[in-house]
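Participant: What follows is the residue order along each chain.
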Amino acid sequence: MLPGRVVFNKATYPGQYGFTVIAVNGQATLTYALPGEYLDRLLLANRVFDDDIQLVGVTHEAAGMVILTSQPTVVGDAATREEMMSYFTSRHFQLIPNFCAGYRGSLSFYRDLDQVAVFDAHPANFLCDQNRVILPIDAVIVEANDELTQLIEALV
Amino acid sequence: MKAIVNLSREETLKARFNQPRVSLEQLRVQMEEHRQASEEFFKAAKKETSKSGREKVTVG
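Just so you know, the sequences run in chain order A and B.
Numbering-wise (the numbering used here), the first sequence opens with residue 1 and increments by one.
Numbering-wise (the numbering used here), the second sequence opens with residue 1 and increments by one.
If you are wondering where the hints come from, they were derived from the structure by calculation, not from laboratory data.
Among these hints, one or two may not hold up.
[Stated by the list, open to error] Facing chain A, from chain B, some residues (calculated, C-beta under 8 Å): (1) Ala3; (2) Val5; (3) Asn6; (4) Leu7; (5) Thr12; (6) Leu13; (7) Phe17; (8) Arg28; (9) Val29; (10) His34; (11) Arg35; (12) Ala37; (13) Ser38.
[What the hints assert, rightly or not] Heads up, incomplete: computed chain A residues facing chain B, CB under 10 Å, no partners named: (14) Gly15; (15) Phe19; (16) Thr31; (17) Asp51; (18) Gln54; (19) Met65; (20) Thr69; (21) Gln71; (22) Val75; (23) Thr80; (24) Arg91; (25) Arg111; (26) Pro123.
The beta carbon of each residue, even a glycine, is placed where N, CA and C say it ideally should be.
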């Protein structure tokens, strides 16, 4: 572990690997992620949000596989809508208006440069640390395939 | 104080790696505060949108 690096360890529920968004019957739909999609999402968070999520291990329980990861702990306040908007526009994302996958009222964003979409953005997933640096921690991030890209691009 | 958006990976990682050490209890309190902040956020968003997700508009 790097000096000063405080992490928390996270285990998925057995047989459950968070959520992702896929195109289903012509609609962008929030659905349970497969293990590979979950790991892709974590790698994407490292790349796009400059996070440092690391795979700790994989184990089997009676109810299914469990994926263990570590992630730097962030101490801070929940970000406001304006702060989230500022974060995404600075990183060349645009808001997908009137669309939410996850909690009703959460925000969704899309960046056409690399077809990356972020869903379920809300204050508990975007923190401002003690220096007011905005640090995302747990948004649903997806590299959209061609079908999902088409659907999203029709919305923005 | 205005929020900062770091565009440099190194700067962001530096921020992530230099968080204060806090107790588990403090983290639990923080998570609860964040959950409440999100609840308020969703409530405000629901007030502004109709069931179909479109923004509410006032006619006339």
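Participant: Can A/Gly15 be said to touch chain B, with a Cβ gap under 10 Å?
Facilitator: Status violated, d = 24 Å.
Participant: Classify the hint on B/Val5 as holds or violated, based on whether any CB of chain A lies nearer than 8 Å to its CB.
Facilitator: Given a least distance of 4 Å, the restraint on B/Val5 holds.
Participant: Mind checking the CB of B/Val29 against every CB in chain A and telling me if the closest is under 8 Å?
Facilitator: violated, 11 Å
Participant: Take the shortest C-beta to C-beta distance between A/Asp51 and chain B; is it under 10 Å?
Facilitator: holds, 7 Å
Participant: Hint validation: A/Thr80 versus chain B, beta carbon distance must be below 10 Å. Holds or violated?
Facilitator: The hint holds - A/Thr80 has a Cβ within 10 Å of chain B, the shortest such distance being about 8 Å.
Participant: Please verify that hint: A/Arg111, Cβ, nearest Cβ of chain B, below 10 Å or not.
Facilitator: violated, 14 Å
Participant: Double-check B/Ala37 for me: the hint is only fine if its C-beta lies closer than 8 Å to a C-beta in chain A.
Facilitator: Holds: closest Cβ of chain A sits about 4 Å from B/Ala37, inside 8 Å.
Participant: Per the CB criterion, is B/Arg28 less than 8 Å away from chain A?
Facilitator: Hint on B/Arg28: violated, closest Cβ of chain A at ~11 Å, above 8 Å.
Participant: Next item in the hint list is A/Phe19. Is there a CB on chain B closer than 10 Å to its CB?
Facilitator: violated, 16 Å
Participant: Would the stated hint for A/Gln71 survive a check requiring a Cβ distance to chain B of less than 10 Å?
Facilitator: Where the cut-off is 10 Å and the nearest Cβ of chain B is about 9 Å from A/Gln71, the hint holds.
Participant: Holds or violated: the hint that B/Ser38 contacts chain A, with Cβ atoms closer than 8 Å.
Facilitator: holds, 4 Å
Participant: Answer holds if the nearest beta-carbon of chain B is closer than 10 Å to that of A/Gln54; otherwise answer violated.
Facilitator: violated, 12 Å
In this structure, the earlier hints numbered 8, 9, 14, 15, 16, 18, 19, 20 and 25 are contradicted, and the remaining ones agree with it.
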